[in-house]
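Colleague: Given next are the chains, with one letter for each unit.
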Amino acid sequence: MKIMKTLMASAAMLLATQATAEVKVGMITTLSGGGAGLGIDVRDGFMLAVEMAGRDDLEVVIEDDQRKPDIAVQLADKMIQSEGVDILTGIIWSNLAMAVVPSATAQGKFYLSPNAGPSALAGRGCHENYFNVAWQNDNLHEAAGAYANSAEYANSFILAPNYPAGQDALTGYKRMYEGELAGELYTQLGQTDYAAEIAQIRASGADSVYFFLPGGMGIAFLKQYAASGVDLPVVGPAFSFDQGILQAVGDAALGVVNTSQWNKDIDNAANAAFVEAFETEYGRLPSLYASQGYDTANLILSAMDVADVDDQDAFRAALEAADFASVRGNFEFGSNHHPIQDIYVREVIKEGDIYTNRIIGTGLEDRGDAYAADCSLN
Amino acid sequence: MSLALFAEQLLNGVQFGVMLFLMSAGLTLVFGVMGLINLAHGSLYMVGGFLCAAVAAYTGSFVLGLMAALTGAAAAGVLVEMLVIRRLYHRDHLDQVLATFALILIFSEGTRWIFGSFPLFLDVPEILSGPVSLPLGIQYPAYRLMIIVAGLAVALGLYLLITRTRLGIRIRAGESDREMIAALGVDIAWLYTVVFALGAALAGFAGALVGAIQSVQIGMGEPVLILAFVVIVIGGIGSVKGALIGALLVGLTDTMGRFLLPQFFATFMENASATTIGSALASMLIYILMAGVLIFKPQGLFGGTS
Numbered sequence: 001m002k003i004m005k006t007l008m009a010s011a012a013m014l015l016a017t018q019a020t021a022e023v024k025v026g027m028i029t030t031l032s033g034g035g036a037g038l039g040i041d042v043r044d045g046f047m048l049a050v051e052m053a054g055r056d057d058l059e060v061v062i063e064d065d066q067r068k069p070d071i072a073v074q075l076a077d078k079m080i081q082s083e084g085v086d087i088l089t090g091i092i093w094s095n096l097a098m099a100v101v102p103s104a105t106a107q108g109k110f111y112l113s114p115n116a117g118p119s120a121l122a123g124r125g126c127h128e129n130y131f132n133v134a135w136q137n138d139n140l141h142e143a144a145g146a147y148a149n150s151a152e153y154a155n156s157f158i159l160a161p162n163y164p165a166g167q168d169a170l171t172g173y174k175r176m177y178e179g180e181l182a183g184e185l186y187t188q189l190g191q192t193d194y195a196a197e198i199a200q201i202r203a204s205g206a207d208s209v210y211f212f213l214p215g216g217m218g219i220a221f222l223k224q225y226a227a228s229g230v231d232l233p234v235v236g237p238a239f240s241f242d243q244g245i246l247q248a249v250g251d252a253a254l255g256v257v258n259t260s261q262w263n264k265d266i267d268n269a270a271n272a273a274f275v276e277a278f279e280t281e282y283g284r285l286p287s288l289y290a291s292q293g294y295d296t297a298n299l300i301l302s303a304m305d306v307a308d309v310d311d312q313d314a315f316r317a318a319l320e321a322a323d324f325a326s327v328r329g330n331f332e333f334g335s336n337h338h339p340i341q342d343i344y345v346r347e348v349i350k351e352g353d354i355y356t357n358r359i360i361g362t363g364l365e366d367r368g369d370a371y372a373a374d375c376s377l378n
Numbered sequence: 001m002s003l004a005l006f007a008e009q010l011l012n013g014v015q016f017g018v019m020l021f022l023m024s025a026g027l028t029l030v031f032g033v034m035g036l037i038n039l040a041h042g043s044l045y046m047v048g049g050f051l052c053a054a055v056a057a058y059t060g061s062f063v064l065g066l067m068a069a070l071t072g073a074a075a076a077g078v079l080v081e082m083l084v085i086r087r088l089y090h091r092d093h094l095d096q097v098l099a100t101f102a103l104i105l106i107f108s109e110g111t112r113w114i115f116g117s118f119p120l121f122l123d124v125p126e127i128l129s130g131p132v133s134l135p136l137g138i139q140y141p142a143y144r145l146m147i148i149v150a151g152l153a154v155a156l157g158l159y160l161l162i163t164r165t166r167l168g169i170r171i172r173a174g175e176s177d178r179e180m181i182a183a184l185g186v187d188i189a190w191l192y193t194v195v196f197a198l199g200a201a202l203a204g205f206a207g208a209l210v211g212a213i214q215s216v217q218i219g220m221g222e223p224v225l226i227l228a229f230v231v232i233v234i235g236g237i238g239s240v241k242g243a244l245i246g247a248l249l250v251g252l253t254d255t256m257g258r259f260l261l262p263q264f265f266a267t268f269m270e271n272a273s274a275t276t277i278g279s280a281l282a283s284m285l286i287y288i289l290m291a292g293v294l295i296f297k298p299q300g301l302f303g304g305t306s
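Protein chains in written order, with the working numbering: chain H, 1 to 378; chain F, 1 to 306.
Please note that a few of the clues may not be correct.
[Said to hold, decoys possible] Derived contacts from chain F toward chain H, CB cut-off under 7 angstroms, selection only: (1) Gln9; (2) Asn12; (3) Arg87; (4) His90; (5) His93; (6) Trp113; (7) Phe115; (8) Ser117; (9) Asp123; (10) Ile127; (11) Gln214; (12) Pro223; (13) Gln263.
[Unchecked claim] Covered stretches of chain H (in silico footprint by chain F; criterion: 3 or more residues with CB under 8 angstroms from a CB of chain F, positions within the stretch not fixed): (14) 184-197; (15) 237-248.
[To be verified] Covered stretches of chain H, as calculated for chain F (at least 3 residues, CB under 8 angstroms): (16) 35-47; (17) 113-124; (18) 143-153.
Simulated from the structure, these hints should not be mistaken for lab results.
Idealized CB from N, CA, C, for every residue including glycine.
For reference, chain H alone in the conformation it holds in the complex (with noise of 0.2 angstroms):
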């Protein structure tokens, strides 16, 4: 019996030491149905990170959310409740971040965003330990209206879906923007016939279109403009031409103006490696989704560097230093945990069969977002 006892208990302390040496990351991301390319290229981003850190002390565990809030919600609580992760991460769309990203950080868990960014959690809603690793909601549209001012626009038709993330983009750009609104449109979430905005664009007396239709949405969009006839220039955030999606609407998107974060020719050793490593791994060019998985990976190991996740302050703080090296090249976090970063300019190439981007200027530099005021942090 007495033997019985020490056992166990040297087993419970083995335990024990296992889980301070270790991180066990949660990951939640869309990895089936029609958002899916999203989620998988920042899953792919994330491991390669993984992978390449070459480190055995990094648990992730990887769980679908099937882009739905109420799955979402349940593998939130089933990893922190059953799994004992530390940190989460992974969800793409901000109506998901919203239903997750509060209650986990109350339950004293991390959150480390690697797309969402609804206003909502930069402003009022902030919260310790929540961190966004890739931008606010409002950053590249902020920056597309700053383009048009430097490209001279002064009549914008501007249209996006209407949910949060479309009025926030509108919102972006229109507080950058300096010209006049030639016409506001709100479409449908889904929406996938685009000839009754189209007709209106025409008839607006436009010099030109800025739009914020992600995925599905944005292809079938610019393939209807394409074929329109109306030829007014076409600006949009990157999230409407980013690599998985500018394979499908082919020469319809070429010298379209998007705005981004990254892009593969940002040129720094951190994004050259990234590049390389995910084309050999992968077999396909990077997106700006993976970028942001592979930024927030990296951003957890330097923190586990210096600091043990149990001692969460410490851990706080080494997040806060964001000392790695990002494949954006200068990367901080501003009061409120969103990034201060450049926002570029890019135009939509082809380079041999395969349509890409490359880097024409920047938009805005060392931005941080319209909300930090708002944040308690500090």
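Based on the hints, put chain F in the right spot on chain H.
Modeller: Relative to the frame of chain H, chain F by itself:
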């Protein structure tokens, strides 16, 4: 607002309606003849889109892609009917919903397994790629005109098939009395397979046609499927004529609503809120239309009274 813009929007409404018709014709036939609720109809639409994109990319010919979509979707329909659907005719509608919903998941993940998670490229054929000039100075995409023509041709073909051929007689007989037609010696299992394959081919055809101007991606069928259900409820379940009228009604209501409502609200309120309210109301409009039709015609516009 100019007359030309209004006429162009009418054309857009008709084109959207015709596309919905291709989708709902198969759905309503399958429901009318076999009494089956087929949620997987949207998956056959997706199969059409993917097959067309793959074959067009491989051969460089859109027409070959279209043929592949037609035959491939029909073949998938036959396979699904023989393996799964056949066991469901005598079951409850809820069982059918459950099984065909499972088929959606199987088709989606199977497609991802074969084609990957990223959308495929499919473009309109070169000769139809630009706009054409119509009266009133309208510039209208040639491909969309082709969709209108193709859809109306399919409607005419279906009408002739159902009213003028032996198969059509059997389909109509199957709709009105299943037991009697079996008793008269018609091979009902074969008839069901043919009808299901026909519906699947129409869905695949629609998926291929529409994939060229929208996006060929996993899950592309489900949003259209919801609209197709609205169409067949409005038109009357089982009626191909109802599906055509219903589809045109839904297409025109949706397009004109999206176009006119924000402008209407803008006449007496500030532009940003007019846009928000107008588009919110426009997205409800077809459901309001459906509710309105059902109040006066509970069986739909051309529904039977069975």
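Colleague: So is the region 113-124 of chain H in contact with chain F by the C-beta rule, three or more residues under 8 angstroms, or is the coverage claim wrong?
Modeller: violated (count 0)
Colleague: Taking the closest Cβ pair, is tryptophan 113 (chain F) under 7 angstroms from chain H?
Modeller: Cβ of tryptophan 113 (chain F) sits 11 angstroms from chain H, so the hint is violated.
Colleague: At a threshold of 7 angstroms, is the proposed contact between serine 117 (chain F) and chain H supported by beta-carbon distances?
Modeller: 4 angstroms, holds
Colleague: Minimum Cβ distance from glutamine 214 (chain F) to chain H below 7 angstroms?
Modeller: Hint on glutamine 214 (chain F): holds, closest Cβ of chain H at ~4 angstroms, below 7 angstroms.
Colleague: Using the nearest Cβ pair, does glutamine 9 (chain F) come within less than 7 angstroms of chain H?
Modeller: 6 angstroms, holds
Colleague: Next item in the hint list is histidine 93 (chain F). Is there a CB on chain H closer than 7 angstroms to its CB?
Modeller: 25 angstroms, violated
Colleague: May I ask you to test the interface hint for isoleucine 127 (chain F) with respect to chain H, counting a Cβ-Cβ separation under 7 angstroms as satisfied?
Modeller: 12 angstroms, violated
Colleague: Identify whether the interface hint at phenylalanine 115 (chain F) stands, where standing means a beta carbon of chain H within less than 7 angstroms of its own.
Modeller: Constraint on phenylalanine 115 (chain F) not satisfied, violated at 11 angstroms.
Colleague: Holds or violated: is there a CB of chain H closer than 7 angstroms to the CB of proline 223 (chain F)?
Modeller: 5 angstroms, holds
Colleague: At a Cβ distance under 8 angstroms, does chain F reach at least three residues of the region 143-153 of chain H?
Modeller: Not satisfied, violated; 0 residues make the cut.
Colleague: How about histidine 90 (chain F): closest beta carbon in chain H under 7 angstroms, or not?
Modeller: Violated, about 32 angstroms.
Colleague: Under the criterion of a CB-CB separation shorter than 7 angstroms, is aspartate 123 (chain F) in contact with chain H as hinted?
Modeller: 6 angstroms, holds
When each numbered hint is compared with the structure, violations occur for hints 3, 4, 5, 6, 7, 10, 13, 17 and 18.
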